[in-house]
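> Chain G is fixed; fit chain X onto it per the hints.
For the protein sequence lines, the chains are G and X, in the order given. Heads up: the first sequence begins at 1 in our numbering, then just goes up one per residue. Heads up: the second sequence begins at 139 in our numbering, then just goes up one per residue.
There may be inaccurate statements among the hints.
Unchecked claim - Calculated cross-link-like contacts (lysine to any residue; reagent style SDA-like; alpha-carbon spacing at most 20 Å): (1) Lys-34/G to Lys-182/X; (2) Lys-122/G to Arg-256/X; (3) Lys-44/G to Glu-67/G; (4) Lys-251/X to Asp-35/G; (5) Lys-172/X to Ala-109/G; (6) Lys-172/X to Glu-67/G; (7) Lys-251/X to Glu-89/G; (8) Lys-34/G to Ala-247/X; (9) Lys-171/X to Pro-65/G; (10) Lys-113/G to Asp-173/X; (11) Lys-182/X to Gly-157/X; (12) Lys-192/X to Lys-171/X; (13) Lys-251/X to Ile-88/G; (14) Lys-54/G to Ile-88/G; (15) Lys-34/G to Arg-207/X; (16) Lys-122/G to Leu-104/G; (17) Lys-34/G to Glu-246/X; (18) Lys-34/G to Gly-202/X; (19) Lys-172/X to Ser-66/G; (20) Lys-172/X to Gly-64/G; (21) Lys-4/G to Glu-205/X; (22) Lys-34/G to Tyr-241/X; (23) Lys-34/G to Lys-171/X.
To be verified - A few chain G residues facing chain X, derived, Cβ under 7 Å: (24) Ala-3; (25) Lys-4; (26) Ile-31; (27) Gly-32; (28) Glu-72; (29) Asn-73; (30) Val-79; (31) Glu-110.
Rather than coming from a laboratory, the hints here were simulated on the basis of the structure. Heads up, the beta-carbon is just placed ideally off N, CA and C, and yes, glycines get one too.
There are 2 protein chains.
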Amino acid sequence: MPAKDIYHDAVKTALIKDGWTITQDPLSLRIGKKDLFIDLGAEKLLAAEKGLDKIAVEVKSFVGPSEIRDLENALGQFVLYENALSLIEPDRTLYLAIREAVYLDLFEAEIGKMLLERNIIKLVSFNPEQEVITRWIP
Amino acid sequence: MPAKDIYHDAVKTALIKDGWTITQDPLSLRIGKKDLFIDLGAEKLLAAEKGLDKIAVEVKSFVGPSEIRDLENALGQFVLYENALSLIEPDRTLYLAIREAVYLDLFEAEIGKMLLERNIIKLVSFNPEQEVITRWIP
Numbered sequence: 001m002p003a004k005d006i007y008h009d010a011v012k013t014a015l016i017k018d019g020w021t022i023t024q025d026p027l028s029l030r031i032g033k034k035d036l037f038i039d040l041g042a043e044k045l046l047a048a049e050k051g052l053d054k055i056a057v058e059v060k061s062f063v064g065p066s067e068i069r070d071l072e073n074a075l076g077q078f079v080l081y082e083n084a085l086s087l088i089e090p091d092r093t094l095y096l097a098i099r100e101a102v103y104l105d106l107f108e109a110e111i112g113k114m115l116l117e118r119n120i121i122k123l124v125s126f127n128p129e130q131e132v133i134t135r136w137i138p
Numbered sequence: 139m140p141a142k143d144i145y146h147d148a149v150k151t152a153l154i155k156d157g158w159t160i161t162q163d164p165l166s167l168r169i170g171k172k173d174l175f176i177d178l179g180a181e182k183l184l185a186a187e188k189g190l191d192k193i194a195v196e197v198k199s200f201v202g203p204s205e206i207r208d209l210e211n212a213l214g215q216f217v218l219y220e221n222a223l224s225l226i227e228p229d230r231t232l233y234l235a236i237r238e239a240v241y242l243d244l245f246e247a248e249i250g251k252m253l254l255e256r257n258i259i260k261l262v263s264f265n266p267e268q269e270v271i272t273r274w275i276p
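The following block holds chain G by itself, in its conformation from the complex:
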């Protein structure tokens, strides 16, 4: 299993505060002979008739020397995991968890807006000091 991201526990705490139950840490997926590990699986009970909302969350710190390289790496994991999830557990939605500061820097800039407008990526942002979710972009 890969090493945990430095913000793994902050995101876990933030999700719990947001009403989610952590069900997998990590969530493992097997495609053929290859194993993939997504950081967290979580569930939340919706209004009675709507059932259970299930998500998978991959946490990325974006603390490398190049934010474009960090973005590429996060995007590659997201696309690979999303495709794998859609085969194995199509009712679970994948989110990339990033700090609110990264959201403002990259995803309010043209390059990130392009990815959001084209529905390439889904985001949840968090405040790492307060350990709270700041926004969901499904």
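Chain X alone, transformed into the frame defined by chain G:
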């Protein structure tokens, strides 16, 4: 600009042998304030009525300790560059260039087949010793 991949020149030679003219090395794209660099741009004249075929090629060596991590990184670059290209130069097609051995190992396995069947990625494979193209998967 990022460092060249170790197989950059082998792919360039293989493309030239395959009838392509290298037009950019690298091909740069600007999205807002961020610069992206794709390894190569190339063109080939088609049969008279069909005009010019234009491609961009990103070369990935896949020599890291984890082939899944290498795949994620390549995939992230591919998806980011393909989206950027489609905004700026929509008639140019992006390919990921990988060694034939990597094609056989990853893209004939379930995880790679999944990405090809879903049209997430386009590949060109090459033989690094002979410096020739071995297949195109558009």
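> Next, verify each hint and record whether it holds.
Structure-based check of all given hints:
1. Lys-34/G to Lys-182/X: Violated, at roughly 38 Å.
2. Lys-122/G to Arg-256/X: Satisfied, since the Cα-Cα distance of roughly 19 Å is no more than 20 Å.
3. Lys-44/G to Glu-67/G: Answer violated: Lys-44/G to Glu-67/G is near 32 Å, above 20 Å.
4. Lys-251/X to Asp-35/G: 15 Å, holds
5. Lys-172/X to Ala-109/G: 9 Å, holds
6. Lys-172/X to Glu-67/G: 10 Å, holds
7. Lys-251/X to Glu-89/G: Holds, at roughly 18 Å.
8. Lys-34/G to Ala-247/X: With Cα atoms ~9 Å apart, Lys-34/G and Ala-247/X stay inside 20 Å; holds.
9. Lys-171/X to Pro-65/G: Holds - the C-alpha atoms of Pro-65/G and Lys-171/X are around 17 Å apart, at most 20 Å.
10. Lys-113/G to Asp-173/X: 15 Å, holds
11. Lys-182/X to Gly-157/X: Satisfied, since the Cα-Cα distance of roughly 7 Å is no more than 20 Å.
12. Lys-192/X to Lys-171/X: 25 Å, violated
13. Lys-251/X to Ile-88/G: 15 Å, holds
14. Lys-54/G to Ile-88/G: 13 Å, holds
15. Lys-34/G to Arg-207/X: 11 Å, holds
16. Lys-122/G to Leu-104/G: Holds - the C-alpha atoms of Leu-104/G and Lys-122/G are around 15 Å apart, at most 20 Å.
17. Lys-34/G to Glu-246/X: Distance of about 12 Å is within 20 Å: holds.
18. Lys-34/G to Gly-202/X: 16 Å, holds
19. Lys-172/X to Ser-66/G: 11 Å, holds
20. Lys-172/X to Gly-64/G: 16 Å, holds
21. Lys-4/G to Glu-205/X: 19 Å, holds
22. Lys-34/G to Tyr-241/X: 15 Å, holds
23. Lys-34/G to Lys-171/X: Not satisfied, since the Cα-Cα distance of roughly 37 Å exceeds 20 Å.
24. Ala-3: 12 Å, violated
25. Lys-4: Since the shortest Cβ distance to chain X is 15 Å, the answer is violated.
26. Ile-31: Cβ of Ile-31/G sits 4 Å from chain X, so the hint holds.
27. Gly-32: 3 Å, holds
28. Glu-72: At 4 Å from the nearest chain X Cβ, Glu-72/G passes the 7 Å test, so the hint holds.
29. Asn-73: Given a least distance of 5 Å, the restraint on Asn-73/G holds.
30. Val-79: 5 Å, holds
31. Glu-110: Holds. Min distance 3 Å.
When each numbered hint is compared with the structure, violations occur for hints 1, 3, 12, 23, 24, 25.
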